[in-house]
Amino acid sequence: MVGVVHRTRAPVCGRVGFGGNLARVTKSRGRDGRGSHLRLVGSSPEPTPQPPAGVTDVDTTPSAAVLETLQETLLLDLAAAPSALHPVIAEASVARSAALLADQLWPAGRPDEIGEVERFFWADAARVLGERRDPDSFVLLTSLARTVGPAGRLPLQRAHLSRARTQLGVPEWVSRIAGFRLTSAVVSEDVTGDGLSVVLDYDDDEYGHTLVVFVDNNVGAIVKDVFVGPPVDRVVEAYQRGGRVTVRSIRPAAAAGIILQALGETGDHDDPPVTEDFEFFSGLLVNRLTQLPERPIRPPIRAMLSPRHRQELVDEFLASEFGAGLPEDAPDIARLWVDHALDRTVGGPMRVSAVLVELFLASWLPRKVLADSTYFGAVPRVVKAWLEFAGDRTHLDLDAIAEATDAVDVWTPALEAAALDEPMGPRSGERVFLDETGTDLEEAYRSLAGLGSPPKPDLTGLDKNQSATVSVLAPHAWLLAGETLGLDFAEEAFVIAERLVRDAPDLLTKARLSTWPRAIVWHLAHRHRLVGPGEQLTPLTLAADLASSAPTLRKTAKLLTDTLVLPR
Numbered sequence: 001m002v003g004v005v006h007r008t009r010a011p012v013c014g015r016v017g018f019g020g021n022l023a024r025v026t027k028s029r030g031r032d033g034r035g036s037h038l039r040l041v042g043s044s045p046e047p048t049p050q051p052p053a054g055v056t057d058v059d060t061t062p063s064a065a066v067l068e069t070l071q072e073t074l075l076l077d078l079a080a081a082p083s084a085l086h087p088v089i090a091e092a093s094v095a096r097s098a099a100l101l102a103d104q105l106w107p108a109g110r111p112d113e114i115g116e117v118e119r120f121f122w123a124d125a126a127r128v129l130g131e132r133r134d135p136d137s138f139v140l141l142t143s144l145a146r147t148v149g150p151a152g153r154l155p156l157q158r159a160h161l162s163r164a165r166t167q168l169g170v171p172e173w174v175s176r177i178a179g180f181r182l183t184s185a186v187v188s189e190d191v192t193g194d195g196l197s198v199v200l201d202y203d204d205d206e207y208g209h210t211l212v213v214f215v216d217n218n219v220g221a222i223v224k225d226v227f228v229g230p231p232v233d234r235v236v237e238a239y240q241r242g243g244r245v246t247v248r249s250i251r252p253a254a255a256a257g258i259i260l261q262a263l264g265e266t267g268d269h270d271d272p273p274v275t276e277d278f279e280f281f282s283g284l285l286v287n288r289l290t291q292l293p294e295r296p297i298r299p300p301i302r303a304m305l306s307p308r309h310r311q312e313l314v315d316e317f318l319a320s321e322f323g324a325g326l327p328e329d330a331p332d333i334a335r336l337w338v339d340h341a342l343d344r345t346v347g348g349p350m351r352v353s354a355v356l357v358e359l360f361l362a363s364w365l366p367r368k369v370l371a372d373s374t375y376f377g378a379v380p381r382v383v384k385a386w387l388e389f390a391g392d393r394t395h396l397d398l399d400a401i402a403e404a405t406d407a408v409d410v411w412t413p414a415l416e417a418a419a420l421d422e423p424m425g426p427r428s429g430e431r432v433f434l435d436e437t438g439t440d441l442e443e444a445y446r447s448l449a450g451l452g453s454p455p456k457p458d459l460t461g462l463d464k465n466q467s468a469t470v471s472v473l474a475p476h477a478w479l480l481a482g483e484t485l486g487l488d489f490a491e492e493a494f495v496i497a498e499r500l501v502r503d504a505p506d507l508l509t510k511a512r513l514s515t516w517p518r519a520i521v522w523h524l525a526h527r528h529r530l531v532g533p534g535e536q537l538t539p540l541t542l543a544a545d546l547a548s549s550a551p552t553l554r555k556t557a558k559l560l561t562d563t564l565v566l567p568r
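Residue numbering for the sequence shown follows UniProt numbering, beginning at 1 and increasing consecutively.
No wet-lab data here; the hints were simulated from the structure. It is possible that some hints are incorrect.
Cβ-Cβ distance ranges computed for the label pairs, FRET-style [said to hold, decoys possible]:
| no. | residue 1 | residue 2 | range |
| --- | --- | --- | --- |
| 1 | K558 | G179 | 51 to 61 Å |
| 2 | G220 | A319 | 25 to 35 Å |
| 3 | H269 | A164 | 33 to 43 Å |
| 4 | A319 | P82 | 56 to 66 Å |
| 5 | P307 | H269 | 17 to 27 Å |
| 6 | A504 | G179 | 46 to 56 Å |
| 7 | D204 | A164 | 10 to 20 Å |
| 8 | P505 | S549 | 24 to 34 Å |
| 9 | L559 | I301 | 49 to 59 Å |
| 10 | R344 | P551 | 24 to 34 Å |
Calculated cross-link-like contacts (lysine to aspartate or glutamate; reagent style DMTMM-like; alpha-carbon spacing at most 25 Å) [to be verified]:
| no. | residue 1 | residue 2 |
| --- | --- | --- |
| 11 | K558 | D488 |
| 12 | K456 | D399 |
| 13 | K456 | E388 |
| 14 | K510 | D225 |
| 15 | K456 | D397 |
| 16 | K384 | D562 |
| 17 | K555 | D397 |
| 18 | K510 | D488 |
| 19 | K510 | D562 |
| 20 | K558 | E491 |
| 21 | K384 | D399 |
| 22 | K555 | D332 |
| 23 | K384 | D463 |
| 24 | K456 | E492 |
| 25 | K384 | D343 |
| 26 | K384 | D372 |
| 27 | K384 | E312 |
| 28 | K384 | D488 |
| 29 | K384 | D397 |
| 30 | K384 | D315 |
| 31 | K510 | D270 |
| 32 | K456 | E498 |
| 33 | K510 | E492 |
| 34 | K384 | E328 |
| 35 | K558 | E535 |
| 36 | K456 | D488 |
| 37 | K510 | D392 |
| 38 | K456 | D270 |
| 39 | K510 | D399 |
| 40 | K555 | D463 |
No residue lacks a Cβ here, since even glycine has one placed at the ideal position from N, Cα and C.
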């Protein structure tokens with residue numbers, strides 16, 4: 001990891017009281033409709049400025065109240081950073097605030113009035129700041145004048161020029177806000193293909209720094225992190241010292257294209273797992289990239305293998321020395337690996353990555369495939385053979401291959417925990433793929449004697465990720481309860497699973513997805529007194545029936561009961 005110059009900042013606007021000018025901060029829907037932006041509400045007792053003619057029913061906070069909050073936030077951000085970084089932090093802090101405000105100055109359903117509302121707001125902000133004389137407000141005005149987009153740039157710049165002639169007590173670094181030049185760019189790629197870092201080198205003759213942008217290929221090539229680093233030569237030295245990366249120089253326009261495409265992927269993600277630094281520096285990053293003198297160069301379109309080419313790759317693997325002696329399920333398992341790598345990640349199935357192994361074995365396969373221990377028992381051997389095949393074809397270092405194959409052993413227990421006790425068909429080793437449509441689910445459950453088809457989960461109000469989760473989790477809980485405890489308990493298990501996804505989605509991260517149906521059955525068995533002296537089930541036999549351990553089930557069921565307030 002490259003040494004990070006700045007990773008600590010003030011809380012986002014409104015987390016600290018600012019003299020009563022900010023009544024409260026609430027969540028608000030942004031331009032993309034998600035509740036991902038802060039909304040500034042409440043104000044001082046001053047009269048609210050009226051919008052221009054033709055613009056009505058617009059929720060705009062009085063400029064004076066908002067500016068007080070932005071100024072306090074800026075001062076806190078600066079106080080948390082080294083003085084050498086103050087020009088960068090001022091630019092980033094105000095860019096973030098301007099982005100938040102841009103979302104709030106957008107009248108829903110009236111896209112033709114966006115510019116008019118923003119122009120009105122920033123003109124009023126320029127008036128307020130232009131009348132002040134304290135140095136702190138001048139720092140804010142300078143940052144806004146050099147950061148805000150066309151809707152407010154002209155009045156803010158006029159106010160800034162007017163104050164600059166007579167303003168006293170201004171630190172020297174203020175003149176360098178948003179004055180950095182992009183001089184070069186490099187890309188560092190991990191040999192495992194897990195991601196890449198785009199390093200943008202900036203200089204203003206006094207303080208050089210970099211913006212380091214990490215693109216995570218395992219999460220759909222989103223921008224996962226943005227932070228300020230040391231000058232580029234020190235960054236490259238650190239990467240090369242760490243090994244197992246390739247570093248190359250690229251044109252700034254090409255770097256901008258890579259980053260902007262990844263930012264688009266981030267925006268399309270339902271809930272991108274980004275860092276706090278991404279939230280802080282992304283506004284600055286977008287501002288700088290969109291102001292380059294050269295237009296960004298779009299990266300090449302990623303090649304997608306057709307079903308025929310995917311199967312040809314599997315056949316090549318099976319015909320190689322690495323495919324000799326594999327179990328009869330090897331063609332199916334290898335094809336699942338190829339499909340997962342191509343459809344769920346970026347970089348392709350020939351990546352030899354311990355992280356990709358974890359995603360496949362511990363997350364994707366247990367959630368997408370219903371199978372017994374015979375099928376899942378063949379998976380580790382096939383995956384190891386594929387990794388050796390891919391490493392040989394890509395001439396990868398033996399240590400990297402060994403790291404990935406070792407990861408197979410680490411995550412094999414996740415498959416063992418997900419395995420069903422009974423085969424999915426007339427013979428051992430058969431499997432059913434669970435897709436989001438539910439078609440294969442119904443086929444799977446009809447193949448199990450006496451249970452018929454499960455109910456349909458209610459997807460109303462759920463996002464895509466929650467819908468996919470409940471479509472797998474609820475029918476699985478229904479099946480497991482019906483098979484383990486009897487048909488009378490299947491519906492109750494289904495309802496609890498639905499509540500878990502809908503009412504406590506964060507709880508799902510505290511255990512493997514395959515553990516939750518088992519925990520639901522464990523809870524029902526104890527609630528209805530089916531476990532204990534005189535009953536057919538004991539804790540140990542129930543845990544064995546559920547292919548898990550009693551301590552794990554007890555702990556997970558307690559989380560479930562406490563969070564959903566279930567009857568005991």
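Going straight from one Cα to the other, do K510 and D488 come out at no more than 25 Å?
violated, 28 Å
Is the gap between the beta carbons of D204 and A164 within 10 to 20 Å?
Cβ of D204 to Cβ of A164: about 18 Å, so the range 10 to 20 Å holds.
Sort out whether D463 lies within 25 Å of K384, counting only the CA atoms.
violated, 35 Å
Hint check: K510 vs D562, CA-CA at most 25 Å. Holds or violated?
holds, 14 Å
Straight-line Cα separation of K555 and D463 no greater than 25 Å?
Roughly 28 Å separates the two Cα atoms, so the pair is violated.
Go ahead and decide if the range 56 to 66 Å is satisfied by the Cβ distance of A319 to P82.
Since the Cβ atoms of A319 and P82 sit about 59 Å apart, the hinted range of 56 to 66 Å holds.
Does D488 lie within 25 Å of K456 when you go C-alpha to C-alpha?
holds, 17 Å
Hinted pair K510 and E492, Cα distance within 25 Å
OK: K510 and E492 at ~22 Å, within 25 Å.
Restraint check for K555 with D332, where alpha carbons must lie at most 25 Å apart
violated, 35 Å
Taken at face value, is the distance from the CA of E491 to the CA of K558 at most 25 Å?
holds, 20 Å
Within a Cα-Cα threshold of 25 Å, do K456 and E498 meet the stated pairing?
Judged against 25 Å, a Cα distance of about 10 Å means the pair holds.
Quick check on a hinted range of 17 to 27 Å for P307 and H269, using CB atoms only.
26 Å Cβ-Cβ, so the 17 to 27 Å window holds.
Checked against the numbered hints given earlier, this structure breaks hints 9, 12, 13, 15, 16, 17, 18, 22, 23, 28, 37, 39 and 40; the rest are met.
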